[in-house]
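Colleague: Given the coordinates of chain B, work out where chain V should sit on it, guided by the hints.
There are 2 protein chains.
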Amino acid sequence: MTIDTQILGALRANTNGVSGMELAQKLGISRAAIWARIQELRALGYEIDAGPHIGYRLVGVPDALHAEDLLARLGATNVIGRDIHVFEATTSTNDVVEKLARDNVREGVVVFAESQTKGRGRLGRAWVSPPRKGLWFSILLRPPIRPSAATRMTIATATALVRAISAHAGVTPEIKWPNDILIGGKKVAGVLTELSAELDKVKYIILGIGINVNHTTAEFPAELRKMATSIRAATGRRQDRGDLAVRILRELDHDYARICNGQFEAVADEWSERCTTLGRRVTIQMGDRLIEGAAESLDRDGALLLRTEHGHLEQIIGGDVTIKK
Amino acid sequence: MTIDTQILGALRANTNGVSGMELAQKLGISRAAIWARIQELRALGYEIDAGPHIGYRLVGVPDALHAEDLLARLGATNVIGRDIHVFEATTSTNDVVEKLARDNVREGVVVFAESQTKGRGRLGRAWVSPPRKGLWFSILLRPPIRPSAATRMTIATATALVRAISAHAGVTPEIKWPNDILIGGKKVAGVLTELSAELDKVKYIILGIGINVNHTTAEFPAELRKMATSIRAATGRRQDRGDLAVRILRELDHDYARICNGQFEAVADEWSERCTTLGRRVTIQMGDRLIEGAAESLDRDGALLLRTEHGHLEQIIGGDVTIKK
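If you're matching them up, the sequences are chains B and V in order.
Heads up, my numbering is the position in the first sequence plus 723, with the first residue counted as 1.
Heads up, my numbering is the position in the second sequence plus 723, with the first residue counted as 1.
Only chain B is shown next, with the shape it has when bound in the complex (with noise of 0.2 Å):
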């Protein structure tokens, strides 16, 4: 942990302030040398009240994250997170984790920007990702899964995403097979799964995130507000982001150890819980090909089972899915 990291730690653990003898006797340096970081963190945004009976004391953060505050907040954790790295701006998230992941950094490393030049969505599609609107990340993971798995992934991202949305914001999204989380019909977020495979094994799986969180429906451009939303919009609340980055990285870490330990069966059934795809009819578009049927069930690997009208039961990877009134 680097000092700024222990620092934020220490000032969010003690909100009637900490006295700079305190932190320089349990960071192991000088006084001056707190005094020094502290006006550095004052730089970056953060508000810290200083007096003499009160010692330090943090009133208010910045509308931006901060790698080392994040790593403060999350605190321990399996993989995710072990290390974090925030840009402020980057073309895609996914770009800057790839690279990691071909210089063989080990799993877990977790990159935000604050804003993505070229976001993108599945197939190749941009994702709209202003600056400081929303969490735009993409974390390296090198599960010992078959690529045919890597379905499973994408599965136990929407339900961590869904359990940390709800326990932040206070409302619950729904999910919509394979990869979207909507609010109220709208999408809220999106995860865009890549891999890197020989035929039987994964090498690393990257898995792009990007939440819409404090937009406000003018802030949409104007043929997205029909069907996207952000988390403000939605329940009138503006949002603090580091909060939910960390929630999120929480449930995330949760998850991905469920699916490491065999543990698959129990994600799919939360995932069922949530999904609005399940028991309706549905069109689905793959490429060319239009399928049509009822979304019955997950399969061990996290596709679709599709029972279509000739009564058989198709297994469905990805593809655009309609829900038919």
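For the record, the hints were derived by calculation from the structure and aren't laboratory data.
None of the hints are false.
No copy is singled out in the list; a pair is fine if it fits within one copy or between any two copies.
Taking lysine-lysine and the BS3-like style, the derived pairs with C-alpha atoms no more than 27 Å apart in a straight line are:
1) 899 <-> 1048
2) 926 <-> 822
3) 926 <-> 841
4) 1047 <-> 909
5) 949 <-> 1048
6) 841 <-> 822
7) 822 <-> 924
8) 924 <-> 1047
9) 910 <-> 924
10) 841 <-> 924
11) 924 <-> 909
12) 910 <-> 926
As the structure is a prediction and not an experimental result, all values here were calculated from the model.
Modeller: Here is chain V on its own, set in the frame of chain B:
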């Protein structure tokens, strides 16, 4: 087509010789320029006779792969071999092609290396690739298939390799599922299929192919002699590697077209005839898991269907197969 590709093409097409004037007219350059290119080709090891009556005549080719010459001999194909690169040495030709893939190079490019310092087999195993003893090359493809159908590409590659080696060397290899080509029970070639994908769409596939061509038995490391062979060791005849390479690319181009045109069944039928794994009792090691059963057939994605002792059919994507006596 480059000048060298055209000159070598004309020399190969006119085994009795072709005049400098004829070449100059055909290529639209001066006779002096033709003469300069002939000197360059001689420096590369091409033996080219010249005389007032015969003109230029190709009497010997070097035991070296030359991109221009391979392009000249290959002629027109649908996809594979549109562009060819030859490296004297590289880490792994799959690594080179992966860089090209990420630079959005279009499919069909082929990269050969005369030797690889870090040649790879499946599951991160080493592939020994000594200078000029074999064909070590990789091909970039962008087939419109789901990740789970990537095994089809390995199946197609194996059938193409068997046809090419059989036509070239007069000895018909057998196939051991999923990626080994054997002569007399010893490994003569292997295929490493790597892919980059979204959940429902392959972004690119890299076919890495290694063929032991001109090793003598003594040239194999002692620990490999029992399980590995070369075409030369198996036939007693030194092979023209360029000729074999061109045949393979042509056969692969044919089978790739079959895969893309929905004719996988025909490829699978041909594969099944050559495969010594089908119809046998086998044990398959998949990571920690050991499965035993009868190898029955391929499914439509190219996976092996194994009838286990409990009587049900398991779909096997990869693993190490041992055939039971």
